[in-house]
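**Student:** Residue numbers (our numbering), protein chains in the order written: chain A, 784 to 884; chain B, 784 to 884; chain C, 784 to 884; chain D, 784 to 884; chain E, 784 to 884.
Please note: incorrect hints may appear among the correct ones.
Said to hold, decoys possible - In silico negatives: residues of chain C with every beta carbon more than 12 angstroms from chain B:
1) Asn792
2) Val794
3) Thr858
4) Arg884
Said to hold, decoys possible - With a cut-off of at most 25 angstroms between alpha-carbon atoms, the simulated SDA-like pairs for lysine to any residue come out as follows:
5) B:Lys860 <-> C:Thr826
6) D:Lys806 <-> A:Thr835
7) D:Lys860 <-> A:Leu870
These are computed hints drawn from the structure, not numbers from a lab. Even glycine gets a Cβ: it sits at the ideal position worked out from N, Cα and C.
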Amino acid sequence: MFLAKVTGNVVATQKVASMTGHKLLTVEPYRVDETRRDRLVPTGRTFVVVDTLGAGVDDFVLICQGSSARLTPETAKLPIDAVVIGLVDTVDVGGSVVYQR
Amino acid sequence: MFLAKVTGNVVATQKVASMTGHKLLTVEPYRVDETRRDRLVPTGRTFVVVDTLGAGVDDFVLICQGSSARLTPETAKLPIDAVVIGLVDTVDVGGSVVYQR
Amino acid sequence: MFLAKVTGNVVATQKVASMTGHKLLTVEPYRVDETRRDRLVPTGRTFVVVDTLGAGVDDFVLICQGSSARLTPETAKLPIDAVVIGLVDTVDVGGSVVYQR
Amino acid sequence: MFLAKVTGNVVATQKVASMTGHKLLTVEPYRVDETRRDRLVPTGRTFVVVDTLGAGVDDFVLICQGSSARLTPETAKLPIDAVVIGLVDTVDVGGSVVYQR
Amino acid sequence: MFLAKVTGNVVATQKVASMTGHKLLTVEPYRVDETRRDRLVPTGRTFVVVDTLGAGVDDFVLICQGSSARLTPETAKLPIDAVVIGLVDTVDVGGSVVYQR
Chain A
784 MFLAKVTGNV VATQKVASMT GHKLLTVEPY RVDETRRDRL VPTGRTFVVV
834 DTLGAGVDDF VLICQGSSAR LTPETAKLPI DAVVIGLVDT VDVGGSVVYQ
884 R
Chain B
784 MFLAKVTGNV VATQKVASMT GHKLLTVEPY RVDETRRDRL VPTGRTFVVV
834 DTLGAGVDDF VLICQGSSAR LTPETAKLPI DAVVIGLVDT VDVGGSVVYQ
884 R
Chain C
784 MFLAKVTGNV VATQKVASMT GHKLLTVEPY RVDETRRDRL VPTGRTFVVV
834 DTLGAGVDDF VLICQGSSAR LTPETAKLPI DAVVIGLVDT VDVGGSVVYQ
884 R
Chain D
784 MFLAKVTGNV VATQKVASMT GHKLLTVEPY RVDETRRDRL VPTGRTFVVV
834 DTLGAGVDDF VLICQGSSAR LTPETAKLPI DAVVIGLVDT VDVGGSVVYQ
884 R
Chain E
784 MFLAKVTGNV VATQKVASMT GHKLLTVEPY RVDETRRDRL VPTGRTFVVV
834 DTLGAGVDDF VLICQGSSAR LTPETAKLPI DAVVIGLVDT VDVGGSVVYQ
884 R
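Taking the hints into account, I'd like the entire structure generated from these sequences.
**Tutor:** Right, here's the structure in full:
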């Protein structure tokens with residue numbers, strides 16, 4: 784899984800029928816700062832994910848990719864490859880808090 | 784999933800039998816501009832995807848990769864790893880519209 | 784999926800039993816030229832794929848990766864993650880032919 | 784699979800129900816030093832993984848990604864794409880020990 | 784799949800129970816030299832794979848990744864994402880032998 788910040792929303796009216804009613808978010812993966820190791824820094828990449836937990840812009844979330852994105856009750860048969868599996872409260876690295884909600 | 788712009792078409796007459804009749808598009812993934820954050824920028828990568836929604840060149844689409852590409856009615860048993868699951872209407876990032884159809 | 788040029792062959796006598804008799808090719812993925820947009824350019828990467836369609840060196844092929852590589856009649860139970868699903872005839876990008884067989 | 788060092792912990796209270804009680808770690812993949820070949824060096828990337836083996840910060844672990852992350856008794860139906868499958872004791876490269884617990 | 788050279792061994796005593804008795808190797812993927820095209824060159828990346836074919840350090844092997852790594856008799860239910868499926872004898876590129884065992 785990876786840590787990501789919710790950056791926005793995607794609207795697609797014309798879509799595969801089973802996708803109707805599923806919220807789509809853009810997220811940017813974050814990583815631990817390589818040199819300072821005391822904060823999370825953005826990676827510049829953009830993913831679109833399905834959210835069933837009520838995540839909003841600027842929230843830090845945990846993203847699961849691949850076939851396992853279908854292993855939640857709401858996403859079981861969807862043509863999706865990424866889903867929010869948690870809203871992140873804290874990330875601790877090397878003994879210090881690098882993110883707190 | 785990722786956002787991509789449809790860039791072209793692929794024709795392959797000699798192919799795995801089950802692929803007959805399926806439209807193949809080339810797409811280029813896009814990402815949010817890292818510095819300005821107010822627009823989508825191309826990544827330079829090229830993917831080939833199956834389209835069942837009638838996407839055309841220059842449309843922005845949402846692409847699902849991996850085994851989940853088989854989770855649409857038309858692609859259920861195909862040897863494919865990427866499919867268009869939506870035609871994008873709008874993408875909102877940080878409160879501003881970065882793409883509108 | 785991705786576009787690739789067949790670059791060579793791999794021979795492996797000692798292998799998982801189910802792989803006996805399956806042709807292995809080296810391929811190099813290609814992408815649309817980022818600046819000129821009127822041709823395909825090599826990526827420098829090397830993949831090994833199973834071919835069941837009779838592809839030869841210098842042919843352009845369409846490659847499917849992941850579990851879907853097992854969704855052809857000849858590869859159904861093989862320990863493979865990439866297969867040729869088509870021999871490419873033409874690739875059109877932005878209205879011009881960037882590859883023709 | 785890949786070698787990684789455990790760097791920290793992630794807490795997410797609001798999550799997909801099946802994830803309750805599963806420990807989440809941040810890990811950084813390591814690779815063999817390209818030039819010296821006698822040590823492991825960090826890659827700068829950040830993954831979040833599920834741990835069922837009691838791994839702690841600074842431990843070297845072996846990570847399995849993708850659908851196979853669900854192939855352990857404790858993770859069978861979880862929406863996860865990465866799991867610790869072993870605590871690494873030693874890594875030998877080119878005849879010399881590059882990591883020892 | 785990809786071509787790789789076996790570079791070393793990994794020992795992990797504390798692991799998921801089903802992994803007991805399975806040999807773990809470190810491998811480095813190789814690719815065709817982009818400019819000269821007459822040899823294989825290392826990529827600098829490090830993977831850990833399961834081997835059931837008796838591969839040893841410095842052997843060139845063919846690696847299958849993802850769920851298909853479970854499609855061999857010995858690895859059917861393992862939490863692994865990469866396995867050796869062949870010991871490479873020869874690799875031919877552009878008509879010349881770029882690797883011979």
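**Student:** Please name the hints from earlier in the document that this structure breaks, with their numbers sorted from lowest to highest.
**Tutor:** Going through the list in order, the structure violates hints 3, 4 and 5 and respects the others.
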